[in-house]
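From just these sequences and the hints, can you work out the full model?
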Amino acid sequence: MKTTRLGGSAVPVTELALGTAALGNLFHPVTDETAHATVDAAWAAGIRTFDTAPHYGLGLSERRLGAALRDRPRDTYTLSTKVGRLLVPNPEDDAGDDLANGFAVPATHRRVWDFSADGVLRSLEASLTRLGVDHVDVALLHDPDDHAEQALREAYPALERLRAEGVIGAIGVGMNQSALPARFVRETDIDVVLLAGRYTLLEQDGLGELLPEAAARGRSVLIGGVFNSGLLTAPKPGATYDYAPAPQPVLDRALRLLAVCERHGVPLRAAAARFPFGHPAVASVLTGARSPDEVRDMVEQLRHPIPDALWHELRAEDLLAPDTPVPAAEEAMPSQEPS
Numbered sequence: 399m400k401t402t403r404l405g406g407s408a409v410p411v412t413e414l415a416l417g418t419a420a421l422g423n424l425f426h427p428v429t430d431e432t433a434h435a436t437v438d439a440a441w442a443a444g445i446r447t448f449d450t451a452p453h454y455g456l457g458l459s460e461r462r463l464g465a466a467l468r469d470r471p472r473d474t475y476t477l478s479t480k481v482g483r484l485l486v487p488n489p490e491d492d493a494g495d496d497l498a499n500g501f502a503v504p505a506t507h508r509r510v511w512d513f514s515a516d517g518v519l520r521s522l523e524a525s526l527t528r529l530g531v532d533h534v535d536v537a538l539l540h541d542p543d544d545h546a547e548q549a550l551r552e553a554y555p556a557l558e559r560l561r562a563e564g565v566i567g568a569i570g571v572g573m574n575q576s577a578l579p580a581r582f583v584r585e586t587d588i589d590v591v592l593l594a595g596r597y598t599l600l601e602q603d604g605l606g607e608l609l610p611e612a613a614a615r616g617r618s619v620l621i622g623g624v625f626n627s628g629l630l631t632a633p634k635p636g637a638t639y640d641y642a643p644a645p646q647p648v649l650d651r652a653l654r655l656l657a658v659c660e661r662h663g664v665p666l667r668a669a670a671a672r673f674p675f676g677h678p679a680v681a682s683v684l685t686g687a688r689s690p691d692e693v694r695d696m697v698e699q700l701r702h703p704i705p706d707a708l709w710h711e712l713r714a715e716d717l718l719a720p721d722t723p724v725p726a727a728e729e730a731m732p733s734q735e736p737s
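When you read off a place in the sequence shown, starting at 1, and then add 398, the result is the number in the working numbering.
Hints are computed from structural coordinates only; laboratory data are not their basis.
Check before you lean on any hint, since a few could be wrong.
Have a look at the derived ranges for each label pair, beta carbon to beta carbon [claimed, not checked]:
hint	residue 1	residue 2	range
1	G663	A546	15 to 23 Å
2	H662	R551	45 to 53 Å
3	T401	H702	16 to 24 Å
4	V565	R713	43 to 51 Å
5	P703	T429	32 to 40 Å
6	T506	R661	48 to 56 Å
7	E715	N488	45 to 53 Å
8	K634	A726	37 to 45 Å
9	P645	P703	17 to 25 Å
All C-beta atoms in this analysis are idealised placements derived from N, C-alpha and C, irrespective of residue type, glycine included.
And the structure:
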């Protein structure tokens, strides 16, 4: 699997990475055995980049990922986690579950926003314990939407110091919007942005400012949410978009995308998975698989050949802007798997 480096750092990432929110029981429970098998399937497919966060299942994702990787040599994969939410024990004896935050886990802890320098250090220390490792390769500021100034003034300098000391290889920000990450690219020396759901076949908000700024400054962008929380896997009434029922205009647009793909004999999932790689700033796409079969399916989608004519028709149908970069036909992931 193709590998590149994040920004100006020495941290390698594979073109397909495993995002592990689902392994933290996102919306539905996943067994420990299935979580472990999902990581194993990713490894077998050549994936060597793994992203997690304390937020995902109140630490469950980190614990499961660490357990699944424990027997792999630490220098053979890239591990990314996030800071900005501290997990504090819940004082209530029976606090219920965490489904209000999207995770089917007991609410043994609560999240406390903290983008202070001390909060960064405490968060990373706790993550290392849950992961069972002595270092992570990438640390991202997680969703500082309502805490931008503290994140810029306190959390970012703390990460910058850790990078300068060699404790972390690359630093950045992970968000579901493009405007604030673009500010980080302009005003700081981050290596990477993880952008979820805002540069997809369905919508290209990130193309307005973030991606051009990143490309011009030599920063890397990782793309998550390429299926827009499920809409681009099977657009139909009741499908979800941004984790809620898709509004009719959004569903109509997804159905038009599906129709174009069908005319060219290409699964919509394949076009959605491959689309982000047309932009030179994009280093990797994350798959949020919750099972080995979902990992294998994502790999197959990336291998599916996509004719240039499909991208041309999407532009002609005004489903992509004329200047939207698209992958070259020969850029599909090779079929052979690395050892």
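Results of checking the hints against the structure:
Checked against the hint of 15 to 23 Å, the pair G663 and A546 fails, with Cβ atoms roughly 45 Å apart. Between H662 and R551 the beta carbon distance is about 49 Å. The supplied range of 45 to 53 Å therefore holds. As the Cβ distance of T401 to H702 is approximately 21 Å, the hint placing it in 16 to 24 Å holds. A beta carbon spacing of about 45 Å between V565 and R713 agrees with the range 43 to 51 Å that was offered as a hint.
For the hinted restraint 32 to 40 Å between P703 and T429, the CB-CB distance of approximately 35 Å keeps it satisfied. Between T506 and R661 the CB atoms are about 51 Å apart, so this pair conforms to the stated range of 48 to 56 Å. Remark: the range hint 45 to 53 Å for E715 to N488 is upheld by a beta-carbon distance near 50 Å. For the pair K634 and A726, the beta carbons lie near 31 Å from each other, so the given range of 37 to 45 Å is not met.
Between P645 and P703 the CB atoms are about 33 Å apart, so this pair departs from the stated range of 17 to 25 Å.
Against the hints set out earlier in the document, violations occur for numbers 1, 8, 9.
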